[in-house]
Amino acid sequence: VAAPLLPVPVHRWQRCIWHRGRDASDFVPAYFGQGHRRVLLVGGAGFDPRSTILCALLAQSHVGIRALFIREERPNPATHLLSAADANSSQLTTLATNHQVLPIEIFGSDNAVIGGRNAVRAIDQHQVSDFTDVIVDLSALSIGTSYPIVRYFRQRAMNGLSPPNVHVFVAQNAELDERISPVTAESVVLVHGFRGGWALDQSASAAKLWLPQLARGRRQALQRIYEAVSPHDTCPVFPFPSRRPRLGDDLAEHFLVELESAWEVDPRNFIYAAEDDPLDLYRTLMRIDDLRQRVFAETGGSVLVLSPTGSKVLALGALMAALERDMPVAYLEAIAYDFPATQRGATPPADQELIHVWLEGDCYADSSSTAPSVAGNR
Amino acid sequence: MANPFEKRATEYLRDDEAFLAVVTPAPLITFFQKPAQEGRLYDRLATIIGTPGSGKTTLARLFQYPTLRTLLRNRDLSTARPLLDALTQCFAVADQEPLVVGCRLPLEAEYREFWEFPYTDELKTGLMMALLQARAVLAWLRNLQAGGHRLDDIEIVPRADAEAATAAAGGVSPAEVLARAREVELAIYRVSAALVAPEVSELDSLAVAAYRPFDVVEGFRVRTAGEVPFQGTLLRPLAIFDDAHTLHPAQLLALQRWLARRELKVARWILMRLDALKPSDVLTESNEDVGTDTEPGLKRDREITEIWLQGGDDRGNQRRSFRKMAKDMADRYLAQMDVFSRRRLTSLSDLLATNAEPLTEGQLTRLRHMIDAAQRRHNVSLERRTQLESEITHYFQGSSGEDSGEDVRLAMLSILIERYAKRVPQATLFDKAEDPEPTRPLTADSGVADGARVHLMQKFDRPYYFTIDTVCDASSENAEQFLHLASPLVSHSETQIIRGRPPTLRGRMQHQLLRERATRMLEEWDFPHHRLVRRLADHIGRELIEKTLEPNASLGSGANAVGIPQEDFESVPDRYPELARVLQFGIAYNIFTLVPDHSTKRRLWCLIEVGGVLALHYGLSLRRGGFIERRSEDLARVLSEA
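Residue numbers (my numbering), protein chains in the order written: chain A, 247 to 624; chain B, 97 to 738.
These are computed hints drawn from the structure, not numbers from a lab.
Since we're looking at a predicted model, the values are computed, not measured.
We treat Cβ as the ideally placed atom computed from N, Cα and C, and that holds for glycine.
A few of these clues could be false.
Below 25 Å or equal to it, Euclidean Cα-Cα: the simulated DMTMM-like pairs (lysine to aspartate or glutamate) are [claimed, not checked]:
{"id": "1", "chain 1": "A", "residue 1": "LYS454", "chain 2": "B", "residue 2": "GLU204"}
{"id": "2", "chain 1": "A", "residue 1": "LYS454", "chain 2": "B", "residue 2": "ASP112"}
{"id": "3", "chain 1": "B", "residue 1": "LYS420", "chain 2": "B", "residue 2": "ASP181"}
{"id": "4", "chain 1": "B", "residue 1": "LYS130", "chain 2": "B", "residue 2": "GLU193"}
{"id": "5", "chain 1": "B", "residue 1": "LYS220", "chain 2": "A", "residue 2": "ASP356"}
{"id": "6", "chain 1": "B", "residue 1": "LYS420", "chain 2": "B", "residue 2": "GLU590"}
{"id": "7", "chain 1": "B", "residue 1": "LYS220", "chain 2": "A", "residue 2": "GLU351"}
Not everything, but these chain A residues come out facing chain B in the computed CB check (under 7 Å) [as the list claims (entries may be wrong)]:
{"id": "8", "residue": "ALA358"}
{"id": "9", "residue": "VAL435"}
{"id": "10", "residue": "GLY439"}
{"id": "11", "residue": "ASP447"}
{"id": "12", "residue": "SER507"}
Required output: the full structure, derived from the provided sequences and hints.
Next up, the structure:
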């Protein structure tokens with residue numbers, strides 16, 4: 247894992263340590279299995295079939311971990327989802343004996359979204375400084391919970407507090423992301439910790455560009471976000487290349503009314519981001535932001551508003567851009583999920599490819615100027 | 097070609113010119129003129145309550161200073177004049193100058209987050225109020241600048257008795273007041289945006305210092321560049337707090353109490369949805385929170401002006417006003433579409449055919465056979481049938497322009513035969529009187545005619561929902577719902593034009609498009625508790641259809657409401673809190689409308705009327721008044737079975 251360092255150009259993760267599939271699976275025992283590593287795992291213990299993949303891999307690799315499993319509590323959950331969550335939770339607690347399950351209320355009594363704040367508060371109450379590495383597994387966490395947690399650990403690492411190494415994992419399965427259909431809450435909110443100066447007077451005259459990640463079944467949700475953001479311009483993100491080559495076309499058809507009439511999107515503003523590569527979207531967002539900052543510098547600046555509503559991999563790319571440039575992330579929290587019982591077993595967990603991004607830590611020895619090149623660095 | 101009807105909310109039109117071109121003045125006159133002329137709109141807290149899409153934010157934007165300035169600049173345009181007249185009647189402008197400096201502050205989730213801080217209620221509320229005031233000051237000054245005034249040409253006129261608060265707010269120099277507001281905003285933002293809330297001892301002193309510009313500002317004066325000294329009218333600051341339903345109930349109550357104070361010179365409005373209220377407030381219209389004994393001297397009726405954008409007593413009048421407003425709005429939207437404007441097609445009403453489409457010959461034959469069978473079954477003599485037919489003819493002679501095709505006449509005859517059968521004494525097998533007289537006379541009226549058309553729709557798929565008035569009535573007095581329903585009609589007409597066909601949509605096409613859109617809207621519900629609302633709506637819908645399709649159409653047009661005895665209904669929040677919650681959201685999202693104190697059969701009822709979208713989906717009449725009698729436990733049972 248140790249390797250010579252290379253200078254980093256403009257962006258924090260222009261050269262990023264990340265792995266996919268087999269490389270990611272090999273990285274887990276090779277790195278986390280090192281004797282001096284003390285690893286904290288933060289992941290979801292919900293109904294998502296991907297909940298257990300990483301934990302199982304860590305257990306197979308005989309990596310000793312302390313685990314904090316987040317149980318996102320929503321009002322009146324469906325019975326079959328509750329049983330699936332119980333089963334996953336039970337499996338997780340068997341795999342990681344040194345664990346704690348943290349129930350996190352996502353909604354307040356008045357249906358206000360409080361999950362992100364609650365999650366960070368719950369983690370902050372734990373002794374997290376005893377570890378060399380923290381892994382945040384996004385696979386079974388909603389973005390309202392996972393984004394603030396990642397930001398929390400990254401902020402600690404950047405302030406010189408332990409754990410110094412921050413890793414993010416996600417089990418990639420775009421089809422599964424599409425099948426898990428959220429029933430969204432009423433109000434559009436900004437993810438906790440991802441306000442990006444929204445509503446501040448200093449950004450009142452900034453040119454707002456909204457970048458929604460398109461996904462089936464999210465028309466109403468995205469329309470509501472659009473209305474809340476009220477952007478000057480919209481650049482929808484299409485997953486392309488994707489495993490289903492026609493997915494982009496299908497989405498364009500699905501969102502035809504919005505693209506044409508409501509959001510008035512010029513087809514030249516379509517953004518294509520590789521479905522299985524978080525860095526592709528990240529770099530595109532950074533490029534757009536760079537260009538706009540220069541153009542709008544004299545007229546109040548530019549704000550990119552992200553809405554990562556689709557696949558988890560693209561959401562990871564959006565997270566990295568939002569972290570680096572303090573971009574606001576607007577979304578609608580799920581008040582419940584539709585995930586029919588018959589579909590739960592449709593994709594065997596084994597088919598799902600892991601993606602690992604090393605966000606902060608030893609490999610970026612001097613984060614301001616250099617980044618290393620290592621095996622697996624893509 | 098973009099369809100502006102899909103854009104729906106006018107407030108998302110960025111340019112004031114574009115926005116003003118599509119705004120209709122009717123709601124201003126309907127809702128604001130009276131309180132303005134009674135002096136209740138600007139001198140105390142005004143609460144404006146409506147369903148989503150009812151136009152609250154559009155109304156708020158009209159009172160923003162740059163919007164008023166743009167309107168005055170374009171006052172000679174024909175589209176601007178009616179708006180200007182309406183705003184003049186609402187005392188927002190006079191003598192071609194604005195009288196108010198409005199600013200709209202959306203109460204986004206950021207404010208709700210204050211409630212999650214680990215501080216005392218007093219501190220949490222104080223932080224929120226300070227942030228709101230700082231943002232209002234920033235927005236007023238920003239709007240004045242956007243209205244064409246330099247900062248130097250703005251004078252802040254303070255209240256004479258508020259020296260200390262004036263100093264704390266940054267004095268009276270606009271530049272200093274602006275700087276102070278920015279500092280306070282940033283300091284409080286840092287607290288609310290922090291991942292982990294700081295300890296009380298770590299709070300920035302700027303965030304917790306006394307900052308009360310609302311207690312200071314009496315008004316603004318502006319001058320043209322170089323003019324000395326400041327002259328002219330004192331502009332009244334107006335703070336519009338939009339989307340107040342996102343606040344925690346305790347925060348909302350604190351905000352209302354704070355804004356209801358008499359000594360404030362700032363005009364202040366709170367805009368919110370019905371779901372911000374407690375179920376008991378929505379269901380029984382009795383909000384006792386503000387102005388209770390705990391706040392001596394604060395009387396709700398006297399201190400707060402309430403404006404409800406839906407509901408109210410004169411529903412017939414409201415429906416007529418809405419039709420006028422919706423047609424005006426539709427025409428303004430249509431004018432934005434080149435395909436129509438190039439052909440001088442300026443009115444949506446003209447694109448929607450008004451003539452009914454009768455049944456086919458085959459369907460008519462089937463209908464005739466059914467009536468003959470009913471006649472035989474009920475032993476109705478030929479003379480009696482002829483008499484009923486004459487009654488129908490007589491009815492149509494007295495009505496003009498009504499759809500009176502043979503199919504409608506036959507369906508009416510069918511209803512009258514069934515009514516006749518119910519109004520004659522039951523005969524024994526051996527004692528059959530020849531052509532007995534009914535106990536009550538049988539009359540053909542508009543109810544029977546409409547019931548006949550509903551029956552024809554349900555049995556033969558005869559178009560029922562067509563014409564612009566139907567689209568308006570199906571919108572439940574909600575502008576956004578109207579645009580949503582009208583959108584496919586406009587798109588289809590546009591397609592016909594592009595294909596070189598006449599732009600007018602036949603009744604069958606209108607009927608089909610409206611029902612399809614209604615069903616899609618139902619399927620796309622995703623508001624809180626929508627599954628339970630859907631369950632209740634489905635149950636009610638089935639029962640109403642059953643009642644409507646009674647062969648004798650006992651309610652004429654049919655039922656489109658469930659009636660609960662008023663005293664029984666008033667106990668719902670206490671006895672069945674879940675039902676109350678579900679009804680509250682159903683009402684807040686236009687699924688149901690509540691008609692309390694409806695007097696029928698010497699009893700008071702509370703009607704839960706289905707909204708237009710549900711009526712379209714289930715195939716119910718849009719005429720009001722028909723209801724089925726139920727008890728609250730019947731509805732509670734539906735939910736408990738979920």
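The hints, checked one at a time:
no.	hint	result
1	A:LYS454 <-> B:GLU204	holds (17 Å)
2	A:LYS454 <-> B:ASP112	holds (18 Å)
3	B:LYS420 <-> B:ASP181	holds (17 Å)
4	B:LYS130 <-> B:GLU193	holds (21 Å)
5	B:LYS220 <-> A:ASP356	holds (17 Å)
6	B:LYS420 <-> B:GLU590	holds (23 Å)
7	B:LYS220 <-> A:GLU351	holds (21 Å)
8	ALA358	holds (5 Å)
9	VAL435	holds (4 Å)
10	GLY439	holds (5 Å)
11	ASP447	holds (5 Å)
12	SER507	holds (4 Å)
Comparing the model with each numbered hint stated earlier shows that all of them hold.
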